[in-house]
Amino acid sequence: LSSQQFSALTEVLFRFLTEPKEVERFLTQLSDFATMNKISLGPLKNIVKSILLVPNGALKRNLSSEQVRADFIALGLSEEKASYFAEQWKLNSPALTRLAVDQTLMINQLIDMEWKFGVTAGSSELEKVGSIFLQLKLVIKKGSQMENVYIELTLPQFYSFLHEMERVKTSLESFS
Amino acid sequence: QLVSALHNLTRHVVYRGLTKPEDILALFPENFHQNLKNLLTKIILENISAWRNEAQASQISLPRLVDMDWRVDIKTSSDSISRMAVPTCLLQLKIQEDAALCGNNPVSALTVELSKETLDTMLEGLGRIRDQLSAVANK
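Residue numbers (full-length UniProt numbering), protein chains in the order written: chain A, 1 to 176; chain B, 1 to 139.
None of these hints come from the bench; they were simulated from the model.
There may be inaccurate statements among the hints.
[Claimed, not checked] Cross-link-like lysine-lysine pairs, in silico, DSS-like; alpha carbons within 25 Å at most:
id	chain 1	residue 1	chain 2	residue 2
1	A	LYS116	A	LYS90
2	A	LYS142	B	LYS42
3	A	LYS142	B	LYS94
4	A	LYS116	A	LYS141
[Unchecked claim] Estimated spans, in silico, between C-beta atoms of each pair:
id	chain 1	residue 1	chain 2	residue 2	range
5	B	GLU117	A	HIS163	49 to 59 Å
6	B	VAL107	A	LYS90	49 to 59 Å
7	A	GLY118	B	ARG16	18 to 28 Å
8	A	GLU19	B	GLN56	50 to 60 Å
[Said to hold, decoys possible] Covered stretches of chain A, going by a simulated chain B footprint (3 or more residues, C-beta under 8 Å):
id	segment
9	6-13
10	36-47
11	98-110
12	130-138
For each residue, glycine too, the CB sits at the ideal point set by N, CA and C.
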């Protein structure tokens, strides 16, 4: 595999790694590459599979680009190609790390929040009321489903909720 | 019959929001015993704000927030990355369903997890609510 072909292949690989949902596009690009360079698709797929194992393992173990390069050389790749790959790795690793972190387990993740507030005008018990209420709708991801939770808060509750959330933010910021 | 009549009277007073003794006195029929009338009015006036508050508290509404707790965790590793230090927030909301529908008012706890970005967006939204509320209050 010439170095030009190798860099093209590496590009395809990293594009797939940064957008793992684009499986179809990856496969199309791979078969294009195969036909352009007159390599048969089967063995190419196998090679690509084994190549992909390296970045995934590297991500899990937080390897530096130096270590990635050493790994590839140990696997039998030429030094030039290994360095090129390691360079690409360094460029892409923040994006890849971000992806991996986002995939981490989140319990009942809050997806969205909507609100409305208004005034209660009257009720069956009291003819004229005039009190303010706040209604929140929280969209929560439970497992693979979305659940809507509706809550009503009085004004004092809202202010203490806001206060508590600001405390949480300060706490989170002190940790990042 | 007496209890029922008293009940109707108090409900009417609370409903109308009558606070002046003259208004309440006006409800009694002409030949009602004077002292009794005054005594009843006095008792009603004493209790009226408590009754009003209770009526408001047991109004129908969406499930209400009764309590809220939070904690901040730091995620150190997962099966996709073995070392990281990502802070995350866990929020527990205690919610009470509509008081009128559930006989024994069960309180359910909902735990929600927020990332820093979600929290920031949420705080932005809450800030906007606060601004809107003060705009309404100042009008």
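Hint by hint, which ones does this structure get wrong, listed from lowest number up? Result: hints 1, 2, 5, 9, 10 break, sorted rising.
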